[in-house]
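Could you slot chain V onto chain A? The hints should help.
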Amino acid sequence: MNAERTDTAAIDAAIGAWAAERRLPETYRARWRALGEGDRAALYNVASALRLRTGQFVAAFDLIEELAVRADAPPATILARGEIRRILDGIGSAPGRARELLETLRAMRFPRLKVAAERIAAAVAALGLPAEIRVVLPRELGSDEVRVEISAHGGAQLERLIAEIAGHGAGLGKIAEMVGGAHSDDDEI
Amino acid sequence: MTTRFELDALYIEEGERSSALAARVIAGLPAGVAVRYVADGRVAARPAAGAADPFGAGKRRMIILRRRTPFVMACPAGASEFACCGYLIAALASNCPMDCGYCFLQEYLADNPGFQIYANYADLFGELDRIGRNAPARAIRVGTGELADSLAFDGLTGISRDLVDYFARREGLLLEFKTKTDEIENLLAIDPRGRTLVSWTLSPARVFAATEHRTAPPAARIAAALRVLEAGYKVAFHLDPIIAYEGASRDYLALLDNLFDTIDPGRIAFISMGGLRMTPGLRGAARRRFPRDPMLVGEEVMAPDGRMRAFTPLRVGLYEKLRERIKLADANLAAYLCMESPSVHRRVFGAAPPPPNALGARLAGS
Chain A
22 MNAERTDTAA IDAAIGAWAA ERRLPETYRA RWRALGEGDR AALYNVASAL
72 RLRTGQFVAA FDLIEELAVR ADAPPATILA RGEIRRILDG IGSAPGRARE
122 LLETLRAMRF PRLKVAAERI AAAVAALGLP AEIRVVLPRE LGSDEVRVEI
172 SAHGGAQLER LIAEIAGHGA GLGKIAEMVG GAHSDDDEI
Chain V
36 MTTRFELDAL YIEEGERSSA LAARVIAGLP AGVAVRYVAD GRVAARPAAG
86 AADPFGAGKR RMIILRRRTP FVMACPAGAS EFACCGYLIA ALASNCPMDC
136 GYCFLQEYLA DNPGFQIYAN YADLFGELDR IGRNAPARAI RVGTGELADS
186 LAFDGLTGIS RDLVDYFARR EGLLLEFKTK TDEIENLLAI DPRGRTLVSW
236 TLSPARVFAA TEHRTAPPAA RIAAALRVLE AGYKVAFHLD PIIAYEGASR
286 DYLALLDNLF DTIDPGRIAF ISMGGLRMTP GLRGAARRRF PRDPMLVGEE
336 VMAPDGRMRA FTPLRVGLYE KLRERIKLAD ANLAAYLCME SPSVHRRVFG
386 AAPPPPNALG ARLAGS
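Heads up: the sequence lines are chains A and V, in that order.
Count along the first sequence starting at 1, add 21, and that's the number in the numbering used here.
Count along the second sequence starting at 1, add 35, and that's the number in the numbering used here.
To be clear, the hints were calculated from the coordinates, so they are not data collected in a lab.
It is possible that some hints are incorrect.
Stated by the list, open to error - Chain A stretches covered by chain V per the calculated footprint, using a threshold of three residues with CB under 8 Å from any CB of chain V:
1) 90-98
2) 158-172
3) 193-202
Unchecked claim - Below, simulated DSSO-like cross-link-like pairs (lysine-lysine); rule was C-alpha separation at most 27 Å, straight line:
4) V:LYS362 with A:LYS195
5) A:LYS195 with A:LYS135
6) A:LYS195 with V:LYS356
7) A:LYS135 with V:LYS356
To be verified - For each label pair, taking beta carbons as the anchor points, the in silico distance ranges come out as:
8) V:ALA240 with A:LEU179: 55 to 65 Å
9) A:ALA41 with V:GLY341: 27 to 37 Å
10) A:GLY192 with V:ARG168: 49 to 59 Å
11) A:ARG74 with V:GLU220: 55 to 65 Å
In this text the structure is predicted, and so the values were computed from the model without any measurement.
Where a beta carbon is used, it is the ideal one built from N, C-alpha and C, also for glycine.
One chain only, chain A, in its complex shape (with noise of 0.2 Å):
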């Protein structure tokens, strides 16, 4: 039981201490401290583990919650996941596995995002554009808008290239059906 409460302790003075030393802003620090204690500890354990700075620990703070929400389990539930153990465990640079790991939770948070956002870069490169013509889709697929962009140096180039859009018309018109939510799969939904 002392041992317990020693651990506890423990655990929440160093809590204290990053945070100060982070300059974490006080509503995550109330955030964190409302946790259960297997909660708080895990957080912790990522936090330092992978070094976070303050504003992807924020930004995994909230994804985190927002997951545990979503699977009506406890954030160190969450991060007990194989993919995030992964990264933990890793033995890259810490900076390197901490955008992993923002990464990785931003894609179990939007997980049909994900997919679609898969499927339409997939569509994309299948076009086989060349490098100076860009698809520029929306961010998250926010909106339904594309734009296509042209680098060129000269007339001669210029022409080409819109040539080249023009007979790929037919398969940028499906990107575009894609982005606005035609052959979405029913398992998006």
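Positioned in the frame of chain A, the structure of chain V alone reads:
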């Protein structure tokens, strides 16, 4: 009736002490609710100092006061970037005793969350007479359910009776009550002469259970709709907000099937659809008040209008499925989107949206 609301206190503005509304409310007030008189009801509507949840506390504080500004206003959902329905709002009350996790009032009324009801609501009729005189050829739809639920507490206030009676005598005006209650007893006692429409927001059972606190269950709403339809009212439904959780399309389609099994789609005036949209401020307020609500943590991303919405293919795909089901039930059943861009409207309906006045006239005349 399945919905029952509770009050902590009733505040009455001194100047409205002898109003008919105050008399009716006091007469029907449950025992134990304190009645207080105040010089200015607007002060009583401000957030309670020290309350852990000032917005939630405001819902339990009914305030009868005088409205100092016009009752009729353009729908706050209307904006140039959206395909609109030309709706007019009659602001007869502010806030609502129900407590939906996604409700925009959590942000919109954060500074005056008291549940206000305006004692001089009959002044609305003069405003509507003037609007009718200025636009005699226009069919106008006027709703009371934007800043409050139209029928919550109607058993106490009885406002619906005066409204239905006024509209029953006016050509070219259609009253819309919008509600999530089944508080319809007053309506059943009056003949609306076809000039009042009652619309229900409908959600699948999963959304109701997770986030629509103190509302009537969806089946009770549909049952109430059938009763008012048979009493001579028009009925309509709002699938709004549509929340794109996993399994949503199955649940919303089942909801529509259930609706059409109960009410002949040919007798439904219209169905509106609108995806969940939240400003970051609203989302923050809602998450603070309902941190365990799974409906507030869907796959919403930032849209060009500054609101968080389900990402476009997900949202539009859902609209398309629902539109197809509505069309299958009755090809002539009017449907429209609320707070969506013309391009989304074109994707869902295959055509550009009609101008607001034209859509509004169609809905008002339906």
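Now for the hints, and whether the structure bears them out:
no., hint, in the structure
1, 90-98, "holds (count 3)"
2, 158-172, "holds (count 8)"
3, 193-202, "holds (count 4)"
4, V:LYS362 with A:LYS195, "holds, 25 Å"
5, A:LYS195 with A:LYS135, "holds, 19 Å"
6, A:LYS195 with V:LYS356, "holds, 19 Å"
7, A:LYS135 with V:LYS356, "holds, 22 Å"
8, V:ALA240 with A:LEU179: 55 to 65 Å, "holds, 57 Å"
9, A:ALA41 with V:GLY341: 27 to 37 Å, "holds, 35 Å"
10, A:GLY192 with V:ARG168: 49 to 59 Å, "holds, 57 Å"
11, A:ARG74 with V:GLU220: 55 to 65 Å, "holds, 60 Å"
Of the numbered hints given earlier, the model fails none.
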